[in-house]
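The numbers in the sequence shown follow my numbering, run straight up by one, and end at 180.
It should be emphasised that the hints constitute simulated quantities derived from the structure, not laboratory data. Only a predicted model underlies this, so the values are computations on that prediction, with no experimental measurement involved. Hints are supplied without guarantee of correctness; some may be wrong.
[What the hints assert, rightly or not] Heads up, simulated EDC-like pairs for lysine to aspartate or glutamate below, C-alpha to C-alpha not over 16 Å straight-line: (1) K60 / E144; (2) K60 / E88; (3) K27 / E176; (4) K60 / D145; (5) K60 / E176.
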Amino acid sequence: MNSNDPFARLPQVPSFTLTSTSVEDGKPLAAPQLSGMSGVPGGQDASPQLAWSGAPSATKSYAVTVYDPDAPTGSGFWHWAVANIPAETTSLPEGAGDDTGSGLPAAAVQLPNDTRASRYIGGAPPAGHGPHRYFITVHALDIEDIGVAQDATPAVLGFTMAGHILGRATLIATAETPAS
1 MNSNDPFARL PQVPSFTLTS TSVEDGKPLA APQLSGMSGV PGGQDASPQL
51 AWSGAPSATK SYAVTVYDPD APTGSGFWHW AVANIPAETT SLPEGAGDDT
101 GSGLPAAAVQ LPNDTRASRY IGGAPPAGHG PHRYFITVHA LDIEDIGVAQ
151 DATPAVLGFT MAGHILGRAT LIATAETPAS
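Work out the full structure: start from the sequences and follow the hints.
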């Protein structure tokens, strides 16, 4: 277990299956999932396509988070956080996390990321900083509405849902920008 695994100090919960046509576990993010807004050539800030199955039967909602624990901030970097995804939803299309959340279910709440934009922002590690990991996670929750405000931070979401997580499925992608 890596010393900066974001789930290392949280309660252990069962895993379930998470797949993506946009992201391959252990592989670099594709150009669409990188950040054009942050100046990455070819970056499109398109949230990845996600599909999941096998979540615990008591699941009442899901939350999706994308987190980079390797960002040079002392607190990592939250790229995306969505709460209150209904239990009957088991997939999100690529680009669902745009400015309007156009591909998200109506009940879902898209929280501001660490740029304070309520949308997905792609990977953009600083040049020469080394490889970064992106934990793309679907959290199965025992509550329909997690009760976070639309302007809450992803960290507040994480704290609020910690006692409600029934299962967790994660893909870990990478990105690295070479030194100039």
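Hints, one by one, checked against the model:
Between K60 and E144, the direct Cα distance comes to roughly 5 Å. Compliance with the 16 Å bound is thereby established for this hinted pair. Of the supplied pair hints, the one linking K60 and E88 holds, its CA atoms being roughly 8 Å apart against a limit of 16 Å. Straight-line distance between C-alpha atoms of K27 and E176 comes to about 11 Å, which keeps the hinted pair within the 16 Å bound. Taking the CA atoms of K60 and D145, the gap is near 9 Å; set against the 16 Å cutoff, the hint holds.
The hinted pair formed by K60 and E176 fails the criterion: a straight-line CA distance of about 36 Å is larger than 16 Å.
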